[in-house]
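Use the sequences and the hints to build the structure in full.
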Amino acid sequence: EAGVTQFPSHSVIEKGQTVTLRCDPISGHDNLYWYRRVMGKEIKFLLHFVKESKQDESGMPNNRFLAERTGGTYSTLKVQPAELEDSGVYFCASSQGLGHFSEKLFFGSGTQLSVL
Amino acid sequence: AQSVSQHNHHVILSEAASLELGCNYSYGGTVNLFWYVQYPGQHLQLLLKYFSGDPLVKGIKGFEAEFIKSKFSFNLRKPSVQWSDTAEYFCAVSTTSGTYKYIFGTGTRLKVLA
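Read top to bottom, the protein sequences are chains A and B.
When the letters of the first sequence are read in order and numbered with my numbering, they come out as residues 66 to 181.
When the letters of the second sequence are read in order and numbered with my numbering, they come out as residues 1493 to 1606.
The reader is advised that the hints may include incorrect statements.
Result set (DSS-like, lysine-lysine): computed pairs, CA atoms no more than 25 Å apart in a straight line [stated by the list, open to error]:
| id | chain 1 | residue 1 | chain 2 | residue 2 |
| --- | --- | --- | --- | --- |
| 1 | A | Lys106 | B | Lys1593 |
| 2 | B | Lys1550 | A | Lys116 |
| 3 | A | Lys116 | A | Lys169 |
| 4 | B | Lys1553 | A | Lys80 |
| 5 | B | Lys1553 | B | Lys1570 |
| 6 | A | Lys116 | A | Lys80 |
| 7 | B | Lys1570 | B | Lys1550 |
| 8 | B | Lys1593 | A | Lys169 |
Partial selection, computed: residues in chain B whose CB lies under 8 Å from chain A [what the hints assert, rightly or not]:
| id | residue |
| --- | --- |
| 9 | Tyr1531 |
| 10 | His1535 |
| 11 | Leu1536 |
| 12 | Leu1540 |
| 13 | Phe1582 |
| 14 | Tyr1594 |
| 15 | Gly1597 |
Some chain A residues judged to face chain B by a derived CB distance under 10 Å, without partners named [said to hold, decoys possible]:
| id | residue |
| --- | --- |
| 16 | Phe72 |
| 17 | Lys106 |
| 18 | Glu107 |
| 19 | Lys116 |
| 20 | Gly153 |
No wet-lab data here; the hints were simulated from the structure.
C-beta: ideal position from N, C-alpha, C; glycine also.
Structure representation (C-alpha cells):
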C-alpha cells in the first residue's frame, strides 16, 4: 500500500515568491490534515479536510495560505507571497475517516520550506 | 484552548537505561492520547494510543504509556532502551468533541548511546 506522498521534499524560495506544496493521501482516506513545524517547536495544526470540504481551518496563519483538495483526492497548500516566518517543515497526514477520534494518522515525509 | 506539553526536549541515555518521557495535556473533556515517533530519515509513525479502558497501554518495540486522568498526563516509558530507539517522540491529543483536530507537543529528541 502506498503511503502519504508529499512533493517537493525541499523548497528554497525568496521572500515574496509563491510556493505550492502537494500532498497525496492514502487512497480512500477521507481525512487529510496539514501541519507545520517550525524548528524546535510543536507540530502545529493548520487545517483539516474531510473529502473535498474544509472541516477546520482554524490553524491557518493568515490569508497568504490557501489550501485546496480537488475532488477529495490530493491536496495543495499554496503560500503567496511567502514570508521569512513561513519557513518550516510542512507535514501532511491522512486517516480513513471512520468517524472517531482514536484513528491513527498516516504522515508524509514532509516538505522542508526555506524562505530566504 | 487545548495544548500538549512535553517537558524534556533532549534526552541522552546509554543503552539498557530506562526511559520515561513526560507528557501533560490541558483539556477538561474526554481525550484520546497518542505517542508518535520519527526515526531519523523516516515518517512520523504511531507508537501507541489510548482511547478507553486500561490506562496502561502497550505499543510497539516494548514501549508503554500510562494515562493518569487526575494528572492530565500520558508519560511514555521503556524499561531498557536500545540504540535503535534514537528518534524524536511526539505526544498528541485529540478530543471527542468538536472537529477532528490532533494537537501535538514540541517533541523530545532521544539519543541512545551504544
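Hint-by-hint comparison with the structure:
no. : hint                     : in the structure
1   : A:Lys106 with B:Lys1593  : 18 Å, holds
2   : B:Lys1550 with A:Lys116  : 32 Å, violated
3   : A:Lys116 with A:Lys169   : 17 Å, holds
4   : B:Lys1553 with A:Lys80   : 43 Å, violated
5   : B:Lys1553 with B:Lys1570 : 9 Å, holds
6   : A:Lys116 with A:Lys80    : 32 Å, violated
7   : B:Lys1570 with B:Lys1550 : 10 Å, holds
8   : B:Lys1593 with A:Lys169  : 12 Å, holds
9   : Tyr1531                  : 12 Å, violated
10  : His1535                  : 5 Å, holds
11  : Leu1536                  : 4 Å, holds
12  : Leu1540                  : 10 Å, violated
13  : Phe1582                  : 6 Å, holds
14  : Tyr1594                  : 6 Å, holds
15  : Gly1597                  : 6 Å, holds
16  : Phe72                    : 14 Å, violated
17  : Lys106                   : 6 Å, holds
18  : Glu107                   : 5 Å, holds
19  : Lys116                   : 13 Å, violated
20  : Gly153                   : 13 Å, violated
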